[in-house]
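Using the hints provided, position chain X relative to the given structure of chain R.
What follows is the residue order along each chain.
There are 2 protein chains.
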Amino acid sequence: MTAQEGFAVDPWSITEHRLDLAGLARSESVFALSNGHIGLRANLDEGEPHGLPGTYLNGVFELRPLPYPEGGYGYPESGQSVINVTNGKLVRLLVDDEPFDLRYGELRGHRRSLDFREGVLRREAEWTSPAGRTIKIRSARLVSLTQRAIAAVDYEVEAVDGPVRIVVQSELVANEQLPVGGEGDPRAAAVLEAPLVAEAHHAHGTKATLVHHTRYSNLRLAAAMDHVIEGPDGVSVTSEARHDQARISATTVLRPGERLRMTKFIGYGWSATRSLPAVRDQVEAAITAARYSGWDGLLAEQKEYLEQFWSASDIEIDGDVELQQAVRFALFHVVQAAARSEERAIPAKGLTGPGYDGHSFWDTETFVLPVLTYCLPGAVAQALRWRHSTLPLARERAAQLGLAGAVFPWRTIRGEECSGYWPAGTAAFHIGADIAMAAARYVRATGDVEFERSYGLELLVETARMWRSLGHHDAVGQFRIEGVTGPDEYSAIADNNVFTNLMAQTNLRAAADAVTRHQREAAALGVDTEETAAWRDAAKAMYIPYDEKLGVHPQADGFTLHQAWDFEGTPREKYPLLLHFPYFDLYRKQVVKQADLVLAMQIRGDAFTAEQKARNFAYYERLTVRDSSLSACTQAVMAAEVGQLDLAYDYMAEAALMDLHDLGGNTRDGLHMASLAGACIALVAGFGGMRDYGEVIGFRPRLPAGLVRLAFSMRVRHHLLRVDITHDETTYTLVEGDKVRVQHETEQVVVAVGAPVSRPTVTPPPVERATQPPGREPARRKPHAVSIGGSPVTGGEHLAAE
Amino acid sequence: MTAQEGFAVDPWSITEHRLDLAGLARSESVFALSNGHIGLRANLDEGEPHGLPGTYLNGVFELRPLPYPEGGYGYPESGQSVINVTNGKLVRLLVDDEPFDLRYGELRGHRRSLDFREGVLRREAEWTSPAGRTIKIRSARLVSLTQRAIAAVDYEVEAVDGPVRIVVQSELVANEQLPVGGEGDPRAAAVLEAPLVAEAHHAHGTKATLVHHTRYSNLRLAAAMDHVIEGPDGVSVTSEARHDQARISATTVLRPGERLRMTKFIGYGWSATRSLPAVRDQVEAAITAARYSGWDGLLAEQKEYLEQFWSASDIEIDGDVELQQAVRFALFHVVQAAARSEERAIPAKGLTGPGYDGHSFWDTETFVLPVLTYCLPGAVAQALRWRHSTLPLARERAAQLGLAGAVFPWRTIRGEECSGYWPAGTAAFHIGADIAMAAARYVRATGDVEFERSYGLELLVETARMWRSLGHHDAVGQFRIEGVTGPDEYSAIADNNVFTNLMAQTNLRAAADAVTRHQREAAALGVDTEETAAWRDAAKAMYIPYDEKLGVHPQADGFTLHQAWDFEGTPREKYPLLLHFPYFDLYRKQVVKQADLVLAMQIRGDAFTAEQKARNFAYYERLTVRDSSLSACTQAVMAAEVGQLDLAYDYMAEAALMDLHDLGGNTRDGLHMASLAGACIALVAGFGGMRDYGEVIGFRPRLPAGLVRLAFSMRVRHHLLRVDITHDETTYTLVEGDKVRVQHETEQVVVAVGAPVSRPTVTPPPVERATQPPGREPARRKPHAVSIGGSPVTGGEHLAAE
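Sequence order for the protein chains is R and X.
The opening residue of the first sequence carries number 506 in our numbering; numbering runs sequentially from there.
The opening residue of the second sequence carries number 506 in our numbering; numbering runs sequentially from there.
These are calculated hints, taken from the structure and not from any lab test.
Take these hints with a grain of salt, some might be off.
One copy or two, it doesn't matter: identical chains are merged, so the pair holds either way.
[Unchecked claim] Keeping only pairs whose Cα atoms sit at most 25 Å apart, straight-line, the calculated SDA-like set for lysine to any residue is:
(1) Lys1118 <-> Ala980
(2) Lys1079 <-> Gly907
(3) Lys641 <-> Ala1123
(4) Lys1079 <-> Arg622
(5) Lys1054 <-> Ala980
(6) Lys1079 <-> Gly1056
(7) Lys1079 <-> Glu901
(8) Lys641 <-> Pro554
(9) Lys808 <-> Ala790
(10) Lys808 <-> Gly1056
(11) Lys1079 <-> Ala980
(12) Lys1079 <-> Arg900
(13) Lys641 <-> His555
(14) Lys1287 <-> Glu809
(15) Lys1079 <-> Ala904
(16) Lys1118 <-> Pro1265
(17) Lys1244 <-> Gly1259
Predicted model only: the values in this text are computed from it and were never measured.
The following block holds chain R by itself, in its conformation from the complex (with noise of 0.2 Å):
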């Protein structure tokens, strides 16, 4: 699929009408399942041809050196990468003696569908083999949403014209042969050749199991398939298995018109501790349990799973059609990749992909998290769940640094930092704070009390101890926090990043009050009152630069000192400019990779006065390139507020469209996470202006132009909301619970069940449109030039990458 080419415009699904070659890659990331625990890219069903084949098992990795030409105390010796596990969602087809296979023959009808509201994939082909002879396929996939350790097809192959020999061979394939990667680029994923080791194999019937251990992580995993097959009378069924595959084959003759359904159960699992017999055990018992509750039954559950979701999750636009089916891709992404990752990572690329090694970021905690504590909060509670089970290694690599607390890695899988360059990695200590701010945030959303006694505490409490032992009072008494990145990886090893500094004084705060609630489980901790006295000095203390000449903040000491880049000398070509410039370059100019100093204001807006946010976005805006996909939402969240509403409504349509538009060039590698969750929080922070800094949950809504309507619910302090907005009033309706307190504007008000509230909606006055680095402006979103029902679509001029 080329740049020029979108997808068919849907508000509930997305759908290709034809088959791209070339942009194989991208469709397998766009319409890839998962549950957060199991990751199909949507690689055809027979498995070539194909962009990048991919398993994924949230948690399963390998392990791989980190070389250095000049080595260092403290680097990581050893990287995780996720590798491609064994393969279940095959099916092979030969068609009399052709083997089924796109690139032969000739295709004479593709299509394939993911309906956001029903969690499958569909496929429907019609082909001619080079032999002359016709035959149709329909098969659906899925990822159970219930049923976690479950994948299932359906197919089903049916004869066109004259009678037609059919073989019909599922299988499960361990250690696939993968393309060879990677130009240099350093955000493509090492690719990792066989890494599994295999243990046994066994098929008997309709049904077959591979279980294998990966060679130096030493991570067991199996997988097991059974089948329901249905056809013509005659169908013959044999199975087979060896180290590497197994296989049950089907095979008739089809009439026209005659069809062979395969309904193919999968079952995964894996562990670092269990025996073999237990995870095969595991493994057979998942596909005992998904046979019985057959094709239809998962349908089923997947359906009524997604309809719950939406009835309380939906952001609903009126007057922008490909936003509003660009949102609900985002919202359906976030959810697969959070629903039942369960005590694992969220990755950056969720498991559609192997980009970033299958890393976990900063961006889990940032950008997913604060969308899934309003929708799907019980996730929330397992990431942070994981990122506490990490501690002992946090703590282990705060040791090793010097520091108290606990230091979390800058990219890592199973919670050891694997990041090889450590300006841009370890030196981002704001990941601590954004870890200890998405568990507060949690608490103050869901009033989880029992997850903050047994886990938001000790993840506060660590932080806090890791901010005070990393920074420094100076000679007048401020509290200054040094050598440290922040999120704009076009800065590096820089003083008193305010991004950083805010959020190490939330941290703080947060962690003294959190001991204040639980005070006997602190005392278990070691915290007494010395301790959290030192905390609250420190964050009362904390130095926030500015510069008092230009009215601004800047984003570090020194910064608004240094160079600007040559904006106007730098050609298109040459972004991302990490791909082109030298980091010593990029770190020294004033040139801004992604959102900082203004995701600062999005995160801490209080710390701001209106006046500091309007001057501060408008210095930022010239400066920022949006190399990164994880700054357009933060852009648009800021613009909205300050009164930039067609601008907003520009870096909004970006980030939502990061994936279906491929703005970065790179999806093929999976899908942006953060900017899927990022156009969610783009929608609902910025137009609804969104904000939950205290007791009570405040908007402020402004509607764009190009806008009629934006309606979103969201789960409160146990109550169920729904935010209605047109450019006249916004109403507030409590779907469920009693009675919730809602800032509107300035204004306070109660929302009761069966009273909505209404008051009109703020259109603020005309302000200037702030300037970006030419050729890196928006594209200006002109939703009425988009027509529903697949023509090409505008809006994906500019290329951001990370």
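Quick look at chain X alone, frame taken from chain R:
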């Protein structure tokens, strides 16, 4: 040799009286011979036992890939490593049927000695074989300072008891097996196995030749040998050669008192472009010439060369014979490293070992060339001509980095950047000014206008262009240089490093001045008056940060605001810090690896008031841990200037004894050329108070209580000046030349031949001794505790390392 044992103390030589197998590698460095083209580690004649076999040819290296866990634009992909070339110094001995190997039988006597006036490594051994036969061996080895391609060995074996059958095998051996090195210490050099590919071999009579090339760097090198053999009647000589080995064997039976003597002439040559016959013929011609000179002739030439050197360049110390020895050891090795390097780099370890991969750094121009400028100026011109020859590569690198002019590599053999860690590599832009100032200094000291016109001018112009493009003017017109790393490697990527900015200032001014002197040549380089005006403007507007509250210069912007390192909490075994603490922590705290601001005060003393110097010195003393060998000498100079003479004396001793006492624990990998040169600087610029910034060279002699007299000679402005300092007076004598103006304290005096001038030596008022981080104080120098003749010496308590 253990840390408790020193070499015998003698003012003109260095001697060991016993062989310490555990300390072999260290002795091999200390007794290494070189002429700057060929380097021979002091491996025993018979090759084994060895610490680290080493035979080096300046400029012969192999390429090796530089791997990165996370790559980046502009990272060098290929490194250069010095390789162990064909070993020509091997002379093996068979005694009856036992190989002469010190590890077996009984070594009854061992003595090795290197006389700095003779330039020959002499060895005597008496050995009883396991079978009970006793022999005496005398060998002498030299690397000719007058015949660049030549080394020679004079080897004599004498029977002590009963007739003994002797076989002497003189060899050339390529691809020697090397011990496996390094245990994660990033300072240890990579060992490259079997880097030489055989091209030709030949042996006939007493001559043999091997020709090889390197596999990836594609350099051709040849080694040849010829022999004169004297012994009792009936010496039989055979020759043979194969790919990696050539051998001339002499066999005879010696009766008690009879001797077999073999004089071996070894020739080396290499080329990146010349043909096999050309390179082979070149080395065979060289040994023909050497044999014509004969052993005695080579010895005489060597002695004459060194006599001439010492007569014009000796540094005499009365009152501390160990320091006298150390400084002559230092001067001797500096001369060995530079004498015949001839348009090749002078590596950080000279040609004494594989440390730092054989790379050249900024220390050559900053420490080694300033010494050579006044004693062997021709070598300085050669070294800078090498830099000049790399200008095309440096311009290419500048373009890659987006800068004008030339960016010289932080570490290299041939000229390409080989640093794999840019924050302490590429970011150390000061190397450009270090080179430019070395050129300006050389021209000022020698008046070599032709050099300036042909080489110096272009070096100045291209580095000035770099500075102008690296820095920028801020809103109030100050010229700032941001995101760079100064000499102190415990800080990095800082703004407005004072050392860097002051060096850049000098560079810009010196370039503009040179252009004024050579307008036609400058025009050919494209320089016009607008460009020089821009340089002068930038120099004039150069921003030098100053902390008004503390009354000291911060090393770079914000440095004095940083948290102080917890010196009290850092135990001794945690030094050097870089092996025990992460860079992020070192970078963000006030802790200094090596003189940085203090070096700026030495090289740009004109930019600081006396009061600033005293305050700055005291401030940085408290922070400087001397984890680099490039620090003590500078601290000695500035301690002397601020009147802390005893402290200066202690530092001076540390610099001088760096290798003789193995203070860094890594003398095994090669000698620290810059520290050795630094010891000379500490004496001449420290106690002699020599400064050479302007038209007239100046002296402010200050003698520490521990020394009775210091005298040195130096070549200045075509004259040979001798300075003789006692506590009472300083006498300036012109040894060669007409008359010269020098400054003594604040008075300018004219010294004419035959008319020495004496002035009182100033004794500064006593000042409080500066304090250092606990445990990092330099050892107190107690010169009178040292006796002559090999007894243990003190002074090696403190370990410094780079």
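How the hints compare with the structure:
When the C-alpha separation of Lys1118 and Ala980 is checked against a cutoff of 25 Å, the pair qualifies only between copies, where the shortest distance is 23 Å, while the shortest distance within a copy is 30 Å. With identical chains, the CA atoms of Lys1079 and Gly907 are at most 25 Å apart between copies only, with a shortest distance of 12 Å across copies and 39 Å within one. Taking identical chains as interchangeable, the C-alpha atoms of Lys641 and Ala1123 are never at most 25 Å apart, the minima being 57 Å within one chain and 86 Å between chains. For a Cα distance limit of 25 Å, the shortest separation of Lys1079 from Arg622 qualifies neither inside one copy, at 41 Å, nor across copies, at 61 Å.
Both within a single protomer and between protomers do Lys1054 and Ala980 lie at most 25 Å apart by alpha-carbon distance, with minima of 24 Å and 10 Å respectively. Within a single copy, Lys1079 and Gly1056 get their C-alpha atoms no closer than 31 Å, and across copies no closer than 45 Å, so neither meets the 25 Å cut-off. With identical chains, the CA atoms of Lys1079 and Glu901 are at most 25 Å apart between copies only, with a shortest distance of 19 Å across copies and 41 Å within one. Taking the shortest Cα distances, Lys641 and Pro554 sit within 25 Å of each other inside one copy (18 Å), while across copies they are farther apart (79 Å).
Taking the closest pair of Cα atoms, Lys808 and Ala790 come within 25 Å of each other only inside a single copy of the chain (23 Å); across copies the shortest separation is 90 Å, beyond that limit. Taking identical chains as interchangeable, the C-alpha atoms of Lys808 and Gly1056 are never at most 25 Å apart, the minima being 53 Å within one chain and 72 Å between chains. Taking the shortest Cα distances, Lys1079 and Ala980 never come within 25 Å of each other, neither inside one copy (44 Å) nor across copies (28 Å). Taking the shortest alpha-carbon separations for Lys1079 and Arg900, only the inter-copy value of 21 Å comes in at or below 25 Å, while the best intra-copy value is 41 Å.
In the homo-oligomer, the alpha carbons of Lys641 and His555 lie at most 25 Å apart inside one protomer (20 Å), although the nearest pairing across protomers, at 77 Å, exceeds that limit. With identical chains, the CA atoms of Lys1287 and Glu809 are never at most 25 Å apart, being 35 Å at best within one copy and 88 Å at best between copies. Taking the shortest alpha-carbon separations for Lys1079 and Ala904, only the inter-copy value of 15 Å comes in at or below 25 Å, while the best intra-copy value is 41 Å. In this assembly of identical chains, Lys1118 and Pro1265 lie within 25 Å of each other by CA distance solely inside one copy; the values are 24 Å within and 68 Å between copies.
Taking the shortest Cα distances, Lys1244 and Gly1259 sit within 25 Å of each other inside one copy (10 Å), while across copies they are farther apart (107 Å).
The structure fails hints 3, 4, 6, 10, 11, 14 (numbered hints given earlier, in ascending order).
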